[in-house]
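Colleague: Letter by letter, the chains look like this.
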Amino acid sequence: MKRMNMDSRSTAFIAGAVITALFVGMALLAQYWTPFDPRVLLIVDKLQAPNAHHWFGTDQLGRDVLSMIMLGAQTSVGVAALSVAIGVFVGVPLGLFAAARRGAIDELVMRGNDLIFAFPALLLAILMTAVFGPGAVNAIIAIGIFNIPVFARVTRAGALQLWTRDYALAARVAGKGPLRISWEHMLPNLVGLLVVQGTIQFSLGVIAEAGLSYVGLSAQPPTPSWGRMLNEAQTLTALAPYLALFPGFAVLLFVLGLNLLGEGLRRRAGRPS
Amino acid sequence: MTAPLLEIEDLCVGIGATGIVKNLSLEVHAGEILGLVGASGSGKSMTALAVMQLLPESAAMTGTVRLRGETLTGKTDVQMQSIRGRDVGMVFQEPMSALNPLMRIGDQVAETLRLHRSVSALAARSAAREALDLAGLSGEQGALDRFPYELSGGQRQRVAIAMAVVMSPPLLIADEPTTALDVITQAQVLLLLRELVRARTMGLVLVTHDLAVIAQLADRVAVMHQGEIVEQGATTELLRAPRHAYTAALLAAAALKPKRAVRRAGSSEVLQASGIIREYPRRRRSLWRAAAPLRAVDGVSLSVHAGETVGLVGESGSGKSSLLKVILALERSQGGQVRLLGEEFSNATGANLHRLRRAIQVVFQDPYGSFDPKWTVERLIAEPFFLLNAPPLAAERRRKVAIVLEQVGLSAADAQRLPHEFSGGERQRIAIARALITEPAVIAFDEAVSALDVLLREQILELLAQLADRLKVAYLFVSHDLLVIRAIADRVYVMQGGRIVEEGPTESVFASPRHDYTKALIAATPKLPVN
Numbered sequence: 010m011k012r013m014n015m016d017s018r019s020t021a022f023i024a025g026a027v028i029t030a031l032f033v034g035m036a037l038l039a040q041y042w043t044p045f046d047p048r049v050l051l052i053v054d055k056l057q058a059p060n061a062h063h064w065f066g067t068d069q070l071g072r073d074v075l076s077m078i079m080l081g082a083q084t085s086v087g088v089a090a091l092s093v094a095i096g097v098f099v100g101v102p103l104g105l106f107a108a109a110r111r112g113a114i115d116e117l118v119m120r121g122n123d124l125i126f127a128f129p130a131l132l133l134a135i136l137m138t139a140v141f142g143p144g145a146v147n148a149i150i151a152i153g154i155f156n157i158p159v160f161a162r163v164t165r166a167g168a169l170q171l172w173t174r175d176y177a178l179a180a181r182v183a184g185k186g187p188l189r190i191s192w193e194h195m196l197p198n199l200v201g202l203l204v205v206q207g208t209i210q211f212s213l214g215v216i217a218e219a220g221l222s223y224v225g226l227s228a229q230p231p232t233p234s235w236g237r238m239l240n241e242a243q244t245l246t247a248l249a250p251y252l253a254l255f256p257g258f259a260v261l262l263f264v265l266g267l268n269l270l271g272e273g274l275r276r277r278a279g280r281p282s
Numbered sequence: 006m007t008a009p010l011l012e013i014e015d016l017c018v019g020i021g022a023t024g025i026v027k028n029l030s031l032e033v034h035a036g037e038i039l040g041l042v043g044a045s046g047s048g049k050s051m052t053a054l055a056v057m058q059l060l061p062e063s064a065a066m067t068g069t070v071r072l073r074g075e076t077l078t079g080k081t082d083v084q085m086q087s088i089r090g091r092d093v094g095m096v097f098q099e100p101m102s103a104l105n106p107l108m109r110i111g112d113q114v115a116e117t118l119r120l121h122r123s124v125s126a127l128a129a130r131s132a133a134r135e136a137l138d139l140a141g142l143s144g145e146q147g148a149l150d151r152f153p154y155e156l157s158g159g160q161r162q163r164v165a166i167a168m169a170v171v172m173s174p175p176l177l178i179a180d181e182p183t184t185a186l187d188v189i190t191q192a193q194v195l196l197l198l199r200e201l202v203r204a205r206t207m208g209l210v211l212v213t214h215d216l217a218v219i220a221q222l223a224d225r226v227a228v229m230h231q232g233e234i235v236e237q238g239a240t241t242e243l244l245r246a247p248r249h250a251y252t253a254a255l256l257a258a259a260a261l262k263p264k265r266a267v268r269r270a271g272s273s274e275v276l277q278a279s280g281i282i283r284e285y286p287r288r289r290r291s292l293w294r295a296a297a298p299l300r301a302v303d304g305v306s307l308s309v310h311a312g313e314t315v316g317l318v319g320e321s322g323s324g325k326s327s328l329l330k331v332i333l334a335l336e337r338s339q340g341g342q343v344r345l346l347g348e349e350f351s352n353a354t355g356a357n358l359h360r361l362r363r364a365i366q367v368v369f370q371d372p373y374g375s376f377d378p379k380w381t382v383e384r385l386i387a388e389p390f391f392l393l394n395a396p397p398l399a400a401e402r403r404r405k406v407a408i409v410l411e412q413v414g415l416s417a418a419d420a421q422r423l424p425h426e427f428s429g430g431e432r433q434r435i436a437i438a439r440a441l442i443t444e445p446a447v448i449a450f451d452e453a454v455s456a457l458d459v460l461l462r463e464q465i466l467e468l469l470a471q472l473a474d475r476l477k478v479a480y481l482f483v484s485h486d487l488l489v490i491r492a493i494a495d496r497v498y499v500m501q502g503g504r505i506v507e508e509g510p511t512e513s514v515f516a517s518p519r520h521d522y523t524k525a526l527i528a529a530t531p532k533l534p535v536n
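Protein chains in written order, with our numbering: chain A, 10 to 282; chain B, 6 to 536.
It is worth saying that the hints were derived from the structure and are not from the lab. Every residue gets a Cβ at the ideal spot worked out from N, C-alpha and C, and that includes glycine. Some clues are possibly wrong.
Straight-line Cα separation of at most 27 Å, DSS-like style, residue types lysine-lysine; simulated pairs [claimed, not checked]:
| hint | chain 1 | residue 1 | chain 2 | residue 2 |
| --- | --- | --- | --- | --- |
| 1 | B | Lys379 | A | Lys185 |
| 2 | B | Lys27 | B | Lys262 |
| 3 | B | Lys262 | A | Lys185 |
Computed, partial: chain A to chain B, Cβ under 8 Å [stated by the list, open to error]:
| hint | residue |
| --- | --- |
| 4 | Leu178 |
| 5 | His194 |
| 6 | Ala249 |
Starting from the given sequences, assemble the full structure and let the hints guide the process.
Modeller: Structure below.
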């Protein structure tokens, strides 16, 4: 019974890892090669159903949907990865700092986080678009800002637990200050926790990017993105349902893969040691 | 002679290819207390779990367990559920994790009853009240409505016992029920267990590593070593004349003979604390007035001379740990002063603080939480080198780590391994090595042997006695265990409610205690019959 559980768990983990690798690989490949150049419009080829030549069909402007999905994966992975990076590089130090100092500083940092948390992401994205104009960079910053409190909270909670361990006391007896202990003892023991959270935030980033580009607040044409493909397919649903199906399915599968991977990593890492 | 209550025949338990319990056979009669004793890893807890059919899934077992003639082995989990609690009650070591933190204790005790019998909530509640009465929690205000966090460790263990006996099971299994408690609470819980067994003619299997506890309670003893019973017999006879060498070793370890001759203290004081006050802020209850702080340490003064071992003894909550944190300059005191090597330590800063820290190091209780799991032993032991102005570099550092490793009885090759590769006793040696590396004048020990079984405790205490003689280092030894203090300390301070109530040379304090509290502590300590 236990064996079977173990096997089904690791199957889910492997499936997640394979799906994730597939999409990331696709994004990298698109940098050098796509079946067709989706920037070239061939109106004569418009609205072809999936066939041997165009596996996923073509859109109303004659662009190859598979090529657009591949380039869209690039946008998706790029925006999600960079916004996670913003969350990690700002949020983790904030969380460590809050846990190390406690008291008023802790209170200040965490209430600041609550403030960001209380702000809807979409509102901030619209605000930034109004000020700086639409674009992938603004989407990255908007999503990234919302990753900051998530990483800060996870890091702080994990670090607070580690601070109760005797090795934190031992390090203080060895004359080390709270910031050095955070760097030498807390951070390495939180890596597992952060990798798991990173995977989850990555999948949320993919969804958020699709949402923002659906309303035209992320990457601008001609850069393809899944959200905008969905938006453009909307009016053609009756005529060419596959146009909505493929990008929708891409978002679904990628997010599913990332969640399976995150869950698998969490199980493997167990509790933070 | 009546039929035995519990019969275990040819019990074997294995995990993978490793045999944990080998061909074990035991009997327990009604009204009898059987002590199952052995070092950690001897298979005694696995035996207890096998009776309840609660072994981990990875374990395989063969053999027969019979309760009142009824075979338990081979029963399904559903069948066992009606037997657990009703026919066999169980008490575990850690009372906090055995209770549901979100449930009132009256409801928890009543729940056990309602799982087995269809009784009204009211009837269950009154039965719960009776069981808690019996467990000695009756006098407390609103006992039934309290949550586990509101109770002390001893009170929690009483709740766990009430849960175990509410169904009046004929058999009770207690796995190290007093190991997490201090001596006074331990004595109370042991007395409670004995009274319950006598009043209800229950059978009790008491699992422990400490023969002194067995001597207080058990009618019969079975000694376990590496999964086998090496000796069993009536308690008094077995303790007076152990036949097996392992029993003799356990007995010697439990007796805790003084580890070395008392040394006359040198003249110079290396550590001096005077008038220490440590207060903790309490949550305010009124908007207008700040709550009066909790005074954990109330004007304590103590001193440690060069090369001397000083014991600080008191029950949990007496303020020992708070005092130690102030002495180690980990927390600021609200009054008083700590002087180290004649210089002020409590308010030292910067380079001065670092220089003084070299002179005092510490060993903690928990051999598992004391080390960063990601660091190698060499890096862990060398961590206090941070206090030096010029920490030794690679080869020199390795040589110095090797020296302290060998001083504590480990080998230089252990330096590259990770802490999880070591057993509890070995880890405590690593912690001592870490404390020795800066060649301090004083080492503080916070319950440093409390988490170890009697054999390991004996080994570590012997090592400490040797090191003290060889390195002329002074110890400040904090413990709730009088026997440990008596075995190692030259001089002793007794602490109660944040104050020192008695002090003096160890032997005279133990031979003729003056303060009532010291007398109570000594009376509560489990004793072995003198040969």
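Colleague: Now, for every hint given, state plainly whether the structure supports it.
Modeller: Now for the hints, and whether the structure bears them out:
| no. | hint | result |
| --- | --- | --- |
| 1 | B/Lys379 <-> A/Lys185 | 18 Å, holds |
| 2 | B/Lys27 <-> B/Lys262 | 33 Å, violated |
| 3 | B/Lys262 <-> A/Lys185 | 39 Å, violated |
| 4 | Leu178 | 7 Å, holds |
| 5 | His194 | 5 Å, holds |
| 6 | Ala249 | 54 Å, violated |
The structure shown violates the earlier hints numbered 2, 3 and 6.
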